[in-house]
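J.: Required output: the full structure, derived from the provided sequences and hints.
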Amino acid sequence: MTNTTEQKQGFVGGTANYLDERLGLGAVVKGFGRKIFPDHWSFMLGEVAMYSFVILVLSGTFLTFFYQPSMAEVHYDGSYAPLKGAQMSIAYASSLDISFDIRGGLIMRQVHHWAALLFVAAAGLHMLRVFFTGAFRKPRELNWVVGFLLFLMGMAAGFTGYSLPDDLLSGNGLRIIDGMIKGIPVIGPAVSSGFFGGEFPGTEVVARLYSLHIMIVPALIIVLMGVHLMMVVIHKHTHYSGPGRRDDNVVGYPLMPVYVAKAGGFFFLVFGVIAAIAATFTINPIWNYGPYDPSPVSAGTQPDWYIGWLDGALRLAPSGWDVVIAGFVIPMGVMVPLVVSLVFLALVAAYPFIENWVTKDKREHHVLDRPRNAPTRTAIGAAGVTFYGVLWAGASTDLIATNFQMSLNQVLTAMQILLILGPVIAYWVTKRACLSLQRKDREMVLHGRETGRVVRLPHGEYIEVHEPVDKYELWKLVDFKEYEPVLPRPDARGKITVGNRLRSAVSRLYFEDRIAPVSKAEYELAHADHAPAIEDKPKSKRKQKALTK
Amino acid sequence: MRRRPWAAGLVVFFGLVLSGGGYAAATNVVQSDIGSAEQIDEGRKLFLANCASCHGTNGEGAIGGPSLIGVGAASVDFQVGTGRMPGQASGPQLYKKPVQFTDEQIAAMAAYVASLAPGPAIPDEEYLRGDGDPTHGGELFRINCAMCHNAVGAGGALTEGKFAPSLAGVSAKHTYEAMVTGPQNMPVFNDTNLTPEDKKDIITYLKYVEDNDSVGGFELGSIGPVAEGLFTWIFGLGFIIAITVWLGAKSN
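Residue numbers (our numbering), protein chains in the order written: chain A, 4 to 552; chain B, 71 to 322.
These aren't lab readings, by the way, just hints derived from the structure by calculation. Any given hint could turn out to be false.
Each pair of labels, with its calculated beta carbon distance range [to be verified]: (1) A:L528 to B:V315: 37 to 43 Å; (2) A:V427 to B:I304: 23 to 29 Å; (3) B:T262 to A:P192: 37 to 43 Å; (4) A:K484 to B:V315: 25 to 31 Å.
Backbone N, C-alpha and C define an ideal beta-carbon position, used for all residues, glycine too.
T.: In structure tokens:
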């Protein structure tokens with residue numbers, strides 16, 4: 004029987020059948036092919052990060068064919084004239100060869116570097132999307148943590164790669180890391196010595212960073228990415244609210260054939276954008292920086308953007324407050340930025356659990372929040388973004404000063420003040436803006452859109468005609484949950500614990516100021532009362548009736 | 071043995087010639103070629119009309135400006151030739167602006183200031199041609215200049231509003247003069263610190279960097295990773311988001 008069907012199926016069908024009978028692919032394709040994904044532009048940011056990573060692996064593999072991670076000294080004999088005869092490490096010489104003497108080497112290096120910047124940027128933006136829409140809520144808390152680790156790994160991959168060319172810029176970056184490690188009390192010097200194989204810069208570190216960069220970190224990224232995607236399959240994708248979109252379904256298109264085609268095309272679009280940028284814009288011109296030498300530090304020495312906030316933390320830390328304990332100096336200019344950034348990262352990683360501790364919400368959430376409908380979370384996010392943003396800008400104080408003709412010292416002081424005040428202002432403004440937007444939404448649901456059309460009624464009264472919002476819009480405006488602050492309650496032993504009090508205080512912070520979604524009763528009341536005002540052109544009467552029903 | 075009375079004088083004389091001549095040879099303070107009397111006179115007139123209110127009627131310095139005795143012709147040629155002098159307003163540092171005088175006028179003022187006391191002269195053409203060793207020049211540049219002026223001379227910040235200007239478009243002569251005179255907040259790199267040959271190499275390196283566009287494409291101001299990061303976020307990610315919006319809109 005198979006024989007006859009194979010003849011009729013042709014080549015593709017025949018191959019598919021062959022594989023299905025031996026590997027059972029049919030069930031897999033059926034399962035995955037019918038997987039539904041909702042469509043929205045903001046759902047594609049993670050995809051951009053993933054594609055950038057694929058491009059990184061492809062271009063990086065090319066680079067490994069020519070790069071040599073050795074710190075042994077040679078005299079450069081390549082084709083870049085202003086370095087001819089200069090003494091440098093083999094690592095730097097081979098990076099220069101990739102840039103000048105290997106066909107296609109420079110474009111591959113630039114593709115690799117631009118893709119790296121885009122990888123972390125897209126991952127960061129994806130993370131912000133997930134945060135502001137509340138996509139991290141049950142059941143996706145763990146996937147948030149996996150995503151967070153992926154972001155950290157992206158930073159690690161970037162930094163280890165930044166240090167490989169062994170030029171002056173990357174050497175200065177490593178020197179700062181060396182300084183930070185040495186600043187850690189007690190264990191610092193030993194850890195630094197172990198990492199660099201002796202005193203900085205030593206002769207080992209490039210080879211070690213290379214192992215990290217091409218094996219350990221990418222392997223971790225691949226594993227974490229696998230877990231990340233598997234959890235997306237297990238949880239199913241979230242969707243924005245709309246008619247028919249509930250917490251127990253997914254509305255969208257199947258993977259086969261819609262998303263396979265779309266995603267495949269999208270990969271090439273991302274690749275095309277990166278290739279176009281890499282072909283037209285220089286990135287990290289290592290030949291300008293020269294070979295690493297511990298004495299010079301060039302102006303404009305900055306890390307790549309994703310490490311910038313840590314560099315900014317170091318720059319913004321005030322000097323002259325070191326603590327001396329029994330003759331040992333605790334360098335606060337290093338310790339405070341280190342501790343502050345670790346606490347910041349810990350808060351980011353733990354946020355889903357913090358919010359859940361406040362709401363004690365055990366329901367599964369598959370419909371996303373509009374940011375305005377979770378004012379406090381959105382405000383916390385805005386404060387966090389501001390904090391991060393000021394630290395990030397702090398890494399370029401010198402460039403801000405020169406390019407805008409300001410005093411470096413004043414820029415620094417302004418940033419220090421902004422670092423403390425900025426998040427507070429951002430929190431307050433965002434929260435108020437969200438609450439106002441919610442009020443506007445309520446108004447819209449209850450009274451409709453103001454049309455500007457003023458009508459005189461038979462008895463002489465003038466009214467402005469309000470047009471009711473359409474059904475799809477209406478769904479978006481009313482479909483969210485309202486939380487209320489909890490009061491501290493005595494437990495079984497009749498005591499109010501400290502944790503309980505704290506939770507109630509935080510809960511008040513979250514939900515004391517809130518706008519309730521319009522209830523069905525309110526809606527009906529508003530539309531019964533204001534019936535004449537909301538009456539519109541005759542043709543939309545049917546819609547109107549359907550709504551009030 | 072009786073000493074002749076003039077013997078002591080002779081010893082002192084030779085001693086002075088030796089130490090003075092040796093010192094002059096070692097520091098290599100180039101006595102600027104003194105201009106003609108008319109040129110110096112012309113320069114003095116220009117000086118009195120344009121500079122004396124800050125630098126004093128005899129270039130001895132006043133409240134507004136430092137003494138110019140001993141700064142040499144190179145200093146005048148740099149400061150006036152780049153438009154920094156006459157200064158427009160006091161501040162942390164003077165900016166480059168359109169040159170206010172003709173070449174003859176600048177030469178006259180330079181001759182006048184050089185006539186006040188010996189100082190660094192306007193450099194010889196042989197050091198300015200840019201035919202030295204760019205590798206050595208690049209190395210010297212990274213060690214001595216890049217910490218303020220950036221690895222390719224794009225400029226950088228100093229404290230309290232002072233700054234190291236961009237070296238793009240600065241002539242070889244002015245670069246050399248800046249090194250020997252140390253204008254404004256720049257240190258002096260005299261000839262024992264960097265020999266004229268070293269300066270020639272640095273000029274060669276800068277010339278190479280300026281004449282050869284980056285092989286990688288547009289340079290984004292050569293200011294390093296900050297420009298690259300901004301570009302990634304604004305144009306790279308901006309363009310990608312435009313694509314996602316387009317792809318997302320297609321289905322609806």
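J.: Now tell me if each hint is right for this structure.
T.: Checked hints:
| no. | hint | in the structure |
| --- | --- | --- |
| 1 | A:L528 to B:V315: 37 to 43 Å | holds, 39 Å |
| 2 | A:V427 to B:I304: 23 to 29 Å | holds, 27 Å |
| 3 | B:T262 to A:P192: 37 to 43 Å | holds, 39 Å |
| 4 | A:K484 to B:V315: 25 to 31 Å | holds, 28 Å |
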